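Generate the whole structure from the sequences, applying the supplied hints.
The numbering of the sequence shown is my numbering, which starts it at 313 and goes up by one.
Careful, some of the hints might be misleading.
[As the list claims (entries may be wrong)] Cβ pair distances, simulated, as ranges:
hint : residue 1 : residue 2 : range
1    : G409      : I446      : 20 to 26 Å
2    : G347      : F430      : 20 to 26 Å
3    : S349      : S426      : 14 to 20 Å
4    : T353      : G387      : 15 to 21 Å
5    : P396      : E361      : 22 to 28 Å
By construction, these hints were calculated from the structure, which means they are not laboratory data. Bear in mind that the values here come from a model prediction, so they are computed numbers and not experimental data. The beta carbon of each residue, even a glycine, is placed where N, CA and C say it ideally should be.
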Amino acid sequence: MLKSPLFRPIAIAVTIISGSLFALPAHAAPNDSGGFSVGVTVPVICDLEASDFIIDQTTNMITGQVQEYCNSSRGFHVLANHRPLLSGEQVDLTYGGVPSELAASGFSSVAFRSGARFGYVPITIRANNVEGPIALSFAVTAL
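As structure tokens, this is what we get:
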């Protein structure tokens, strides 16, 4: 066997050239189809933000507005939580022009929105024969 200093570089070059001869490009048949898809998952985010409410003590009315935001394409519910109402107490709520009466249990569904939404909603609250303080907190639940 020859031990020439040129033998090693020549052997490496022959190996590289012969390896590249076996690497052939891929070809697709005329009827083959290919493709890819890209998917993105967007998290559902819903929120309510209330502005300052105004209390008119002569009429027992409270007015204000909330900003609704929900990107759920299936819609969302707006809920009101409050202390349980005593017998004879009544709290009327108009949320976005839709009147309702708060449930005695302390948990009331006040609106349903279909689809995603962003906007300001006017609120009017009227308390009748309420014996003690009452506080409302609003929540939004995506579907």
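Hints versus structure:
1. At roughly 22 Å, the beta-carbon separation of G409 and I446 lies within the given 20 to 26 Å, and the hint holds.
2. Roughly 35 Å separates the CB atoms of G347 and F430, a value that falls outside the hinted 20 to 26 Å.
3. A beta carbon spacing of about 28 Å between S349 and S426 contradicts the range 14 to 20 Å that was offered as a hint.
4. Between T353 and G387, the C-beta spacing of about 19 Å keeps the proposed range 15 to 21 Å intact.
5. Separated by about 26 Å at the C-beta atoms, P396 and E361 satisfy the suggested range of 22 to 28 Å.
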